Structures are given as structure tokens and as C-alpha cells.
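Student: Take a look at the letters that make up each chain.
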Amino acid sequence: MYSFEPTEEQQMLLDTINRYAVNDLRAQAYDADEAGELPARLIEKGWELGFLQASIPEAYGGFGDRSAVTGVLAAEEFAYGDLAGGLAVLTPGLFATPILLAGSEEQKQKYLPPMVEAEWQPFTAALIEPSFDFDPLDLHTTAVEDGDGYVLNGVKMYVPYASTAEAMIVYARLGDQTQGFIVEKDAPGLKVGERDKTLGVYALPLYRVHLEGVRVAKSDRLGGAEGHEFAPILDASRLAMAAMAIGLSRGAMEYARDYAKERDVFGVKVAQKQAIAFMLAEMATEIEAIRCLLWEAAWMVDSGKPEASKFAYLALTGAADAAMMVTDRAVQVLGGHGYIREFPVERWMRNGRGFAMLNGLVVI
Amino acid sequence: MIEFEIPKPIAMTNNALETVAINMMRPKSRYFDEHEHEIPWDYINFMHMAMRQTGAGSLAPEEKKKKTDEQGKERPRIGYQTLAFMLEMLSWGDTGMYLVTPGGGLGAAAVEAAGSPEQKEKFLARFKGEKPAFGAMAMTEAQAGSDTSAIRATAVLDKETNEWVLNGEKIFVTAGHKALCESDGLVVVWATIDPTAGRAGMRAFVVTGSTPGVQVTKLEHKLGIRASDTASIVLQDARVPFDHILGSAEVIKDPTTKGFKGAMATFDATRPLVSAMAVGVARAALEFLKEKLAEEGVEIRYGLPRTKLTNIEREVIDMEILLRSAWLLVIKAVWMADNRKPNSMEASMSKVRAGDIVTKITQRVVELMGPMGFSRDYLVEKWFRDAKISDIYEGTGQINRLIVARQVLGYSGRELR
Chain A
0 MYSFEPTEEQ
10 QMLLDTINRY
20 AVNDLRAQAY
30 DADEAGELPA
40 RLIEKGWELG
50 FLQASIPEAY
60 GGFGDRSAVT
70 GVLAAEEFAY
80 GDLAGGLAVL
90 TPGLFATPIL
100 LAGSEEQKQK
110 YLPPMVEAEW
120 QPFTAALIEP
130 SFDFDPLDLH
140 TTAVEDGDGY
150 VLNGVKMYVP
160 YASTAEAMIV
170 YARLGDQTQG
180 FIVEKDAPGL
190 KVGERDKTLG
200 VYALPLYRVH
210 LEGVRVAKSD
220 RLGGAEGHEF
230 APILDASRLA
240 MAAMAIGLSR
250 GAMEYARDYA
260 KERDVFGVKV
270 AQKQAIAFML
280 AEMATEIEAI
290 RCLLWEAAWM
300 VDSGKPEASK
310 FAYLALTGAA
320 DAAMMVTDRA
330 VQVLGGHGYI
340 REFPVERWMR
350 NGRGFAMLNG
360 LVVI
Chain B
0 MIEFEIPKPI
10 AMTNNALETV
20 AINMMRPKSR
30 YFDEHEHEIP
40 WDYINFMHMA
50 MRQTGAGSLA
60 PEEKKKKTDE
70 QGKERPRIGY
80 QTLAFMLEML
90 SWGDTGMYLV
100 TPGGGLGAAA
110 VEAAGSPEQK
120 EKFLARFKGE
130 KPAFGAMAMT
140 EAQAGSDTSA
150 IRATAVLDKE
160 TNEWVLNGEK
170 IFVTAGHKAL
180 CESDGLVVVW
190 ATIDPTAGRA
200 GMRAFVVTGS
210 TPGVQVTKLE
220 HKLGIRASDT
230 ASIVLQDARV
240 PFDHILGSAE
250 VIKDPTTKGF
260 KGAMATFDAT
270 RPLVSAMAVG
280 VARAALEFLK
290 EKLAEEGVEI
300 RYGLPRTKLT
310 NIEREVIDME
320 ILLRSAWLLV
330 IKAVWMADNR
340 KPNSMEASMS
350 KVRAGDIVTK
360 ITQRVVELMG
370 PMGFSRDYLV
380 EKWFRDAKIS
390 DIYEGTGQIN
400 RLIVARQVLG
410 YSGRELR
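Sequence lines, in order, name chains A and B.
Reminder that position 194 of the first sequence reads as 193 in numbering that gives the first Met the number 0, one-by-one numbering, no gaps.
Reminder that position 1 of the second sequence reads as 0 in numbering that gives the first Met the number 0, one-by-one numbering, no gaps.
FYI, nobody ran anything at the bench for these hints, they're computed from the structure.
Small disclaimer: the values here were computed from a predicted structure and weren't measured.
Some hints here could point you the wrong way.
[To be verified] Below, computed lysine to any residue pairings styled on SDA-like, alpha-carbon distance capped at 25 Å:
no., chain 1, residue 1, chain 2, residue 2
1, A, 272, B, 391
2, A, 268, B, 413
3, B, 221, B, 396
4, B, 121, B, 74
5, B, 307, A, 272
6, B, 221, B, 34
7, B, 340, B, 76
8, B, 7, A, 2
9, A, 260, A, 29
10, B, 340, A, 9
11, B, 121, B, 51
12, B, 307, A, 2
13, A, 272, B, 221
14, B, 119, B, 34
15, B, 289, A, 338
16, A, 260, B, 397
[Said to hold, decoys possible] For each label pair, taking beta carbons as the anchor points, the in silico distance ranges come out as:
no., chain 1, residue 1, chain 2, residue 2, range
17, B, 14, A, 58, 40 to 48 Å
18, B, 241, A, 304, 55 to 63 Å
19, B, 219, A, 11, 49 to 57 Å
20, B, 362, A, 137, 50 to 58 Å
21, A, 341, B, 145, 37 to 45 Å
22, B, 298, A, 304, 20 to 28 Å
23, B, 298, A, 194, 34 to 42 Å
[As the list claims (entries may be wrong)] Where chain B lies over chain A, by a calculated footprint (3+ residues, C-beta under 8 Å):
no., region
24, 131–139
25, 241–248
26, 290–298
For glycine and all other residues, C-beta sits at the position ideal for the given N, C-alpha and C.
One chain only, chain A, in its complex shape:
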């Protein structure tokens, strides 16, 4: 059967996140963007909503089960508030969710309960690389087997909270596979470089990370000595990115809509001009259509459909384009004001540009 209705539980979660998104994330987004940092209390408050904790089973200290559908619903709401803040709140998931999806029993026992029970802590992951042809399935960073472990070499970029992270999953090419390796903060050869300067998400601290002969024990390969499948992690990242692209787009569309209903022009509201009204109609249609695509892909992941990876890829590709189309038009609807930093739409346009290339900033 088809259904487009979240469950009651999902709806409650959405309402909770939405309140936080509007009252906290959105309210503080401008200051955070200007300052280039997010207040610790803001992130902690988001963490306390318990979204990640609810996606981890009781056996590992959590109180629920992971669902890709619930994940995309939640991620949309976080990004509706603010992308940088939402990514920050979800950063520990970059570490915890891959362990949940692909980790060995030992890794799950070791890392998940303390993370879930504690306050927000900077655990993170390093996937993205500073190259034009960055491809999660064809990394430049290498892992080479060496005696009783592996040696990692390469450069990563846009690693959230790398400078303070307790531990991170570093993704590297091992043979022809992408594999994750757990690297603790004091590992010799792990060098956190400068903070990356970016087009968007100014408030989110992103760092360059250098791996210079970092040794990793076999037991610290994600999934243990046998390794793991990478596809479920990549799917989870694509869905999360796509959902955040939709959330950001929805925020931009609604802001432009409300502005257009207030702004006077030639004796009417600017929204009463078809040139503007039609833009808004197309923005709303785009969001609605791509959200359906995203929900179907998430449902496929939850249902174990063989074509799930392809559809997660299509959903992210579509959502990344939608975010550009919608945020560009939101700026246009505001005209000159759209270009001014006191209005949020220019920030959303900058933030929206990353979705097509930055797979790996979030995993749910």
C-alpha cells in the first residue's frame, strides 16, 4: 500500500524538533553564522531532544531502532531551522550510526553506550577529500595492510569538530573498497590542520585532517578484521543530505512566501503579481515532488529493496538541484534585500550549494 502519513510517534518527534528548529536553531542562526561558531548550549539542547539516542537499540544504551524514514523526517526539520546548527547536533551520528550499521559487536559495545548516555560529544568522521573528483567510492586516502594492522595515508577536508573530536572514523581505500577505520584523537600521524574556510555553513567548524602513516589495529577496522559493506553508510549519508536539502529549501520557500505577502509594490502585495506567485508555486512543487522521491528511497532502505542505493543517489541528486533552484529564487523574490546578510535567504543560498558535492557531512 501507499501512504504519505508519518506515524503518531514520528509526528511527535517532528513537532519536537520543529519547535527547537524554529525557536532555537533559526533564532540563533544569524549570530552563529556571523561569529563562525555555535553556542555549546544550543547544540546540547538539540542533542537532548534524543533523536540519535532513539535510533540506537536498548542493548547499546539507546531506546529505539533506527529507521531511515524517521531519519529523513527528522533531518528535514533540523535543516529547516539551520543547516550549520543541524549538522552540529547530528555530528556524533557521523561516528555512531556507521558503527551501528557496520560495526563489530565489540565496537558497538565499546562506543555506543557511553556516547548515548553522555552529553553531546565531538565524535566525527572524515570522508571528504580536497580534490575535484572526490568520490566516496574511489578515495585517494589509502589503507594498506601492515602486519597486525593497517597504515593510513592521505588528506581529508571538512571534518566537523576534528580539532576537539574524541575519535573519528576515517574512510580510506583498501584494495578496491572504501572502508572505515576508527582513529582515536591521540593517534600518532593524525594531524588536524587549519579550519576550512567555506562558501556556507560558516558556523560549523570544519577542519583539514592529515593522515601521515597512521597505524590502526585490525580490531579498529569498522566491522572488525573482516571489514564491512560501505553501501549502507553511503545510503544513510545520501538520505540525510537529501533530507537536509529539502528542509533548507522549505525554509527558504516559506520565508520568500511570507516576505512576498508583506511587501508592497505598485499598490498590491508583490505576491499578487503572477511573476512572483508562479515562482513560489514552482518552488513549492519542486519541494513536494523531491520529498516524495526522498521518502520512497528511505522506505526502500528500511524495506531492504535491492534498488535502494540507486534511489538514495537519485534522491540526493534531485534534492541538491532543488535546493539550488529554490534558494536562488528565494533570493530573487526578496530582490535587493535577498542579497543582504540581515535577511537569511543569502545564507540559505550559500549553504544550499554544498549538497551536490559534500556527501559525508552527515549520516543518519
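Add chain B to chain A, keeping to what the hints say.
Tutor: Frame of chain A; chain B shown alone:
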């Protein structure tokens, strides 16, 4: 709970329809495209027989008793969803031929939406008879397309005979000729019973081939969907009995304008179905391109960043996104209709999206086929021509944008003209 599993009954029907599309439609597509105004009776008779046996096909699923499963739990309604799948598949076969599928069509949908129980019984029985019959809707006039309130056709009650006397000329009546001349069908004609009342005066009247004063005066020659007849109908003192009016005979000059709303309610239900047809054409074109690419050994590598994709891969991937997202929007709109949720916005969104993507995809596929895209050796050029009507009939893309915009902005028709 959010889910996307195709309901089992729909999946089964879909297989049967695919066989029809492949065996009865595709082989005749070119012939009926090149022989405009010839009628594909083999297809019509076959579909009539098949639909009589299965009861499928009406554009307005009847209000049947709620179906229950073995445990007595109510089964979800899937009438409109079933139709969306059917129309998509048959339009994948040939959208022009789908349009001559016998049955009540838009005419019956209007009777279902605005008629009394007696009228439904009286007018709709003909579609379940031995012979195929067609229903049509006559709304458009030379000076009134999307602006339906500009209609000039009139209906005046002759109190002596208790008949409505209709005068006017209707154009672009899909299946109008088959409804009036080739079968015992009906046409629902929109006319005003009070030219001073605007939309409040608009009413629908059931007209049949035997109605005196009704004449089909012209069959259009078109860019595409040539298997489907597009008729002009002249009403010259055409007389129908009093009970052929759908809805009240009273003109109530209040802003609710019920007669007009009746027509618009029909469109909320049928718009996503027309969108489904557009999606079928788009899928036909995209699948054809992918088949040809596969024959040439071109493989689409899903999962690569755009930097690494070839242009053709990027084109195909982007078209798949457009196609799938449009289709799911159609599903959402009909799912809402089945669940009695107001779907005016989603219905129009689906039409905006489907009209956009079918024109874009068919245009792209023609180009990507190179010189062969321009050739009548393949059906690609035909689908390109067939596609454009999806952005025009049942509300142009622009009218549907207007409807979506009003919903998004919370504006009335007066606030956003």
C-alpha cells in the same frame, strides 16, 4: 506509516495492461498517427469487453460499500490509485489510443461529481451495455479556454415543454464525435442559465446523439494524439429534458458558485489522472532511450559524482529524477483523493510537474537520439508531439501554477488573479 508498496491488486492489473500496451497499442501507434480520424475499433472493442468483465476504467470510481478483509478490517480505498496506474500504463502504450478507450470519461466523471443518484443511474448505464459507448465533456469555446467563466453557450428553460433549450458552439471536445456519432454516448455541455450571473449561472447539461439540434461540425487536425478525435459541436435550439441539468436549476448569486465548483471538483479528481498519462508518455520515451543506449553498449553508472559522469549519463539520471518524482506526486494526489483528503493543491502540482517533465523529457530524448530522433522510423518523434498536450488540456501549466500559487499563498481568486 509512510510506505510505497504497490498494492497487490494494482500490480496484477498492471501486468495485464502492459500486455495490452505492448500487443495492441504499440504495433498500431504509427498507423493511427498517420491515419488521423480513423478509429481503432479492435482496441476499442477489446477494451470494452475486458472492462465489462473487470468493471475497471471509470474516471470516477463509484462509492461502493467499504470493502473489508477476512478479519472484518476495512480495506484502504485504492480506486483512484488503480486508475492512475492504468492510465500511466496505457499511455506508455499509446496516449492517443488510450484517449479513445470506451467508457464515460470526463462526461461520466462530471455526472458522478454533480449528478443526483437518479441521474447517475439514468445516464451511466449506457457505459455498461453490449456495445462500447463514449462520454465527453464540452467546456471550451472559441473565446473561452482556461477562463471558463467566459462561456457564452446558453440554456433557457422552455416552461411549456419543460425542456432546456441550448445554444452555442463548443470546441476541442475530446471524444465528442465518438460520443455523439459513433456510439450511444453522452456529452456533458457547460452553458449558462443566467448570463448576468457569471460563474454562479454555469450549469452542466447531458446531451446525447439523439438530441435534436446537436451537430458535430468539425474534427481537428492536431500536432499529436491523432488517434483521439477532437470535435467541434454546434448546439442550435438543442432540446434536452428538464432532468438533464446536473445540480440545481436555481441561480444563487453567492460567492460559493456551486455550478462552477462542480466542474472544478471534477478537475481535482481527474487532473492527477491526466498527469499519470503524461508520466506514461515520458516513461515510454526515457525507456526507449535507455534501451538504445544499452544496445550501443552505453551503461549508466549510477552513484558517481557529477564530475565523473558523461553528459549522456547525467542527462539520463536527471530525467529519471524528474520522471520518478513526478510520478510519486501523482500517486500522492490520487492517494489523497482515495482517502478523501482535499487535494486541490497536490492535483495541480502533479499537473504542473507532469506537464513540465513530459515535454522536457521527450524533447531531450529526441535530441539525444541524434538524427534518428527526428525520424518517423521510431516513435520518439511521435511521443514528442503527443507530450505537448499534457501541458495544455485539463488546465494549462499556467492555470495550474495559479491554483498552486493561491494555495501556497492562501489567496483567493480575487487576491491573485
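Student: Indicate, hint by hint, whether the structure satisfies it.
Tutor: Each hint tested on the structure:
About 22 Å separates the Cα atoms of residue 272 of chain A and residue 391 of chain B, which keeps this hinted pair within 25 Å; it holds. A distance of roughly 13 Å separates the Cα atoms of residue 268 of chain A and residue 413 of chain B; the hinted pair therefore holds under the 25 Å criterion. A C-alpha spacing of about 19 Å is found between residue 221 of chain B and residue 396 of chain B, which places the hinted pair at or below 25 Å, so the restraint holds. A C-alpha spacing of about 30 Å is found between residue 121 of chain B and residue 74 of chain B, which places the hinted pair above 25 Å, so the restraint is violated.
A threshold of 25 Å between alpha carbons decides the hint, and for residue 307 of chain B with residue 272 of chain A the separation of about 42 Å lies outside it, so the pair is violated. As the CA atoms of residue 221 of chain B and residue 34 of chain B are separated by approximately 12 Å, the hinted pair is consistent with the 25 Å bound. Distance check on the hinted pair: residue 340 of chain B and residue 76 of chain B sit about 12 Å apart at the alpha-carbon level, within 25 Å; holds. Between the alpha carbons of residue 7 of chain B and residue 2 of chain A the distance comes to roughly 14 Å, so the proposed pair stays at or under 25 Å and holds.
Between residue 260 of chain A and residue 29 of chain A the alpha-carbon distance is near 23 Å, which keeps this suggested pair within the 25 Å criterion. Distance hint between residue 340 of chain B and residue 9 of chain A is fulfilled; the C-alpha atoms sit about 20 Å from each other, no more than 25 Å. Restraint check for residue 121 of chain B and residue 51 of chain B: satisfied, since their Cα atoms lie roughly 18 Å apart, inside the 25 Å limit. Note on residue 307 of chain B and residue 2 of chain A: the hinted pairing is violated, with a Cα-Cα distance of about 36 Å set against a maximum of 25 Å.
Taken as a hint, the residue 272 of chain A and residue 221 of chain B pair is broken in the structure, with Cα atoms around 34 Å apart against an allowance of 25 Å. Note on residue 119 of chain B and residue 34 of chain B: the hinted pairing is violated, with a Cα-Cα distance of about 36 Å set against a maximum of 25 Å. Taken as a hint, the residue 289 of chain B and residue 338 of chain A pair is broken in the structure, with Cα atoms around 42 Å apart against an allowance of 25 Å. At most 25 Å may separate the alpha-carbon atoms for a hinted pair to count; residue 260 of chain A and residue 397 of chain B meet this at roughly 20 Å.
Remark: the range hint 40 to 48 Å for residue 14 of chain B to residue 58 of chain A is upheld by a beta-carbon distance near 43 Å. Checked against the hint of 55 to 63 Å, the pair residue 241 of chain B and residue 304 of chain A passes, with Cβ atoms roughly 57 Å apart. A hinted range of 49 to 57 Å holds for the C-beta pair residue 219 of chain B and residue 11 of chain A, which are about 56 Å apart. A hinted range of 50 to 58 Å is violated for the C-beta pair residue 362 of chain B and residue 137 of chain A, which are about 33 Å apart.
At about 41 Å, the beta-carbon gap between residue 341 of chain A and residue 145 of chain B stays in the expected band of 37 to 45 Å. Evaluation of the 20 to 28 Å hint for residue 298 of chain B and residue 304 of chain A yields a pass: the beta carbon distance comes to about 21 Å. Hint check: residue 298 of chain B to residue 194 of chain A, Cβ distance near 41 Å, so the stated range 34 to 42 Å holds. For the region 131–139 of chain A, the proposed coverage by chain B is satisfied: 5 residues have a C-beta within less than 8 Å of a C-beta in that chain, meeting the threshold of three.
Taking a C-beta to C-beta cut-off of 8 Å, the region 241–248 of chain A contributes 0 residues in contact with chain B, too few for the three needed, and the coverage statement is violated. A stretch counts as covered by a chain when three or more of its residues have a beta carbon under 8 Å from one of that chain; for the region 290–298 of chain A and chain B the count is 6, and the coverage holds.
When each numbered hint is compared with the structure, violations occur for hints 4, 5, 12, 13, 14, 15, 20, 25.
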